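Single-letter residue listing:
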Amino acid sequence: MANADVPLSTDPLPGVLRAPAAIVVQWLPLGVVTALWELASGRVVDRAVLPSPVTVAGAIGDLIATGEVVPHLTVSLIRVAIGLGSSVAVGVALGVGMARSKPVEDFFDAFLTMTYPVPKTALVPLAILGLGVGTEATVSIVFLACLLPVVLNAYNAAGDVDRNLVWSARMMGTGERRVLWKVVVPATVPEIVTGIRQAIPIAFVALVSAELVASNRGIGHLILSAGQLGNYPRMFAAIVVISAVAYVAVRWFELLCDRVIAWT
Amino acid sequence: MTDGRVTVSNLKKVYGEADEGEFLSVVGPSGCGKSTLLYLIAGFLDPTSGTVAVDGEPIDGPGTDRGVVFQDYALFPWRTVEGNTTYGLEEAGVPESEREAIAERYIEMMDLDGFEEKYPEELSGGMRQRVSLARTLAYDPAILLMDEPFGALDRPLRESLQDHLLDIWRDLEKTVVFITHDVEEAVYLSERVLIMTRHPGTKKAMTEVDLDRSKGREAIVTSDAFTRTKNAVWRSLREETETGTEAR
Ligand SMILES: Nc1ncnc2c1ncn2[C@@H]1O[C@H](COP(=O)(O)OP(=O)(O)OP(=O)(O)O)[C@@H](O)[C@H]1O
Ligand SMILES: [Mg+2]
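Just so you know, the protein sequences line up as chains G and A, in that order.
To get the working numbering, take the position in the first sequence, counting from 1, and add 16.
To get the working numbering, take the position in the second sequence, counting from 1, and add 122.
These aren't lab readings, by the way, just hints derived from the structure by calculation.
There's no promise every hint is true.
Said to hold, decoys possible - Computed list of lysine to any residue pairs in SDA-like fashion (alpha-carbon distance at most 20 Å, straight line):
1. A/K326 with G/P206
2. A/K337 with A/R360
3. A/K240 with G/A203
4. A/K240 with G/P206
5. A/K240 with G/V276
6. A/K240 with G/V205
7. G/K118 with A/L167
8. A/K337 with G/T280
9. A/K337 with G/C273
10. A/K325 with A/P278
11. A/K240 with G/A278
12. A/K240 with G/R275
13. A/K240 with G/C273
14. A/K240 with G/T280
15. A/K352 with A/D332
16. A/K326 with A/K337
17. A/K337 with A/P278
18. A/K240 with G/K118
No experiment lies behind these values; they were computed from the predicted model shown.
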């Protein structure tokens with residue numbers, strides 16, 4: 017076979033050490049930050065404001081042991097899933113539509129270009145005004161924040177689909193509309209995936225920002241209420257928990273894609 | 123049912139006509155518009171002037187009566203060899219068991235058995251070209267429009283597929299419009315050879331190929347008629363490339 021994956025490495029390390037070395041390199045920045053945090057806590061910044069990592073680890077243990085974090089995390093994850101999921105559905109349709117139809121493109125292009133620089137979290141007060149405090153408001157912020165990376169990736173890729181692929185399907189009897197679903201969308205999958213991959217961290221940022229004010233539940237609310245009570249270990253614990261969850265979500269998605277999309 | 127007479131008229135100059143069941147080759151300098159001509163017949167492009175007709179009816183876009191084998195294969199990267207080969211049958215509503223049997227026949231003909239589950243990305247250029255051939259043959263269009271379909275293959279494989287194509291053409295009475303830059307291939311395969319001028323290409327000449335094809339490859343390619351026709355086409359083509367160089 018022509019393109020068999022032959023590992024061509026210029027790595028000077030012997031094979032057995034390569035995997036452990038990669039892990040060390042991967043986690044080193046996090047270790048450095050944690051070490052600096054430990055050093056700063058109580059020396060540079062008051063321990064009451066910046067509790068040490070050990071204290072925060074204890075608070076994380078409490079959050080988990082008491083099960084307190086579970087309902088908040090569940091609510092947050094459901095919101096991310098709904099917001100991100102709907103932004104993928106709408107974003108792919110919009111991106112593909114814009115790429116393949118001039119009127120659709122004209123209609124949305126100026127709108128997207130103008131809304132692009134607006135920080136979506138600045139719309140939280142508006143969302144509360146329109147939808148009240150709760151899931152509707154937070155989900156719509158997550159949806160809006162994730163929409164652009166998904167749309168832009170789908171839009172660019174769908175416009176670049178090899179015309180011969182479209183023609184291949186047309187000659188084999190696929191109608192002009194159906195080609196969108198049979199050819200343009202599958203051909204665009206790698207870029208759609210890139211868009212979703214970019215949107216996942218954005219979803220968590222938007223979620224927490226929105227939940228800080230627009231919700232009485234969720235991790236964002238947990239962070240804010242702990243902060244307001246001056247319980248900083250608990251506040252940091254909630255921040256670390258949501259960061260870890262976001263990281264796991266990204267990795268899980270990457271693994272899922274490797275599994276599901278065999279052809280790239 | 124399409125009989126398969128292709129008429130191309132007044133695209134700048136009259137290109138000509140491929141009769142129902144004819145094997146017509148097209149040769150011409152690189153960039154003269156051979157692929158473009160094929161895309162016009164396929165209905166992918168609209169001519170700025172003139173008409174393309176099948177069985178006397180002007181065409182209206184692409185149709186399953188015409189099957190293109192693309193110069194750059196144009197396989198669906200998200201489908202396996204088998205998935206690419208069955209696509210046209212799926213779109214035609216052929217039941218799954220039948221689809222697989224038909225696909226398997228052409229996959230075998232193209233010497234691709236064992237690669238059914240591979241994706242195009244995992245194949246060599248020559249293998250992709252054969253998948254592309256299998257895909258187009260599988261849905262059985264009356265007219266085959268082939269754009270240098272054997273260009274990426276080594277000689278033994280090319281010759282074997284040339285003979286397979288001739289069998290298919292004869293048995294299934296297809297009309298074939300076959301683009302190649304290989305004069306020998308054009309003469310060996312076809313009943314007539316259309317020679318195009320350099321860009322923007324128009325019809326330069328139409329050469330009849332009159333060979334006794336009953337005897338097999340060796341007898342054909344060593345015959346006087348074969349050599350004579352080949353040389354005539356070659357000279358005509360050579361004239362085009364030479365005037366091309368002089369003009370520049
Ligand atoms: N009749 C024409 N008038 C003007 N431009 C043309 C005409 N036919 C083709 N072209 C243009 O010439 C270019 C080359 O055409 P095409 O790809 O069809 O050449 P080709 O003969 O297939 O070349 P190759 O042998 O290298 O594959 C294209 O950009 C095409 O749009
Ligand atoms: Mg060409």
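Checked hints:
| no. | hint | in the structure |
| --- | --- | --- |
| 1 | A/K326 with G/P206 | violated, 46 Å |
| 2 | A/K337 with A/R360 | violated, 30 Å |
| 3 | A/K240 with G/A203 | holds, 17 Å |
| 4 | A/K240 with G/P206 | holds, 18 Å |
| 5 | A/K240 with G/V276 | holds, 15 Å |
| 6 | A/K240 with G/V205 | holds, 19 Å |
| 7 | G/K118 with A/L167 | holds, 19 Å |
| 8 | A/K337 with G/T280 | violated, 47 Å |
| 9 | A/K337 with G/C273 | violated, 56 Å |
| 10 | A/K325 with A/P278 | violated, 32 Å |
| 11 | A/K240 with G/A278 | holds, 10 Å |
| 12 | A/K240 with G/R275 | holds, 15 Å |
| 13 | A/K240 with G/C273 | holds, 18 Å |
| 14 | A/K240 with G/T280 | holds, 12 Å |
| 15 | A/K352 with A/D332 | holds, 11 Å |
| 16 | A/K326 with A/K337 | violated, 31 Å |
| 17 | A/K337 with A/P278 | holds, 19 Å |
| 18 | A/K240 with G/K118 | violated, 37 Å |
The structure shown violates the earlier hints numbered 1, 2, 8, 9, 10, 16, 18.
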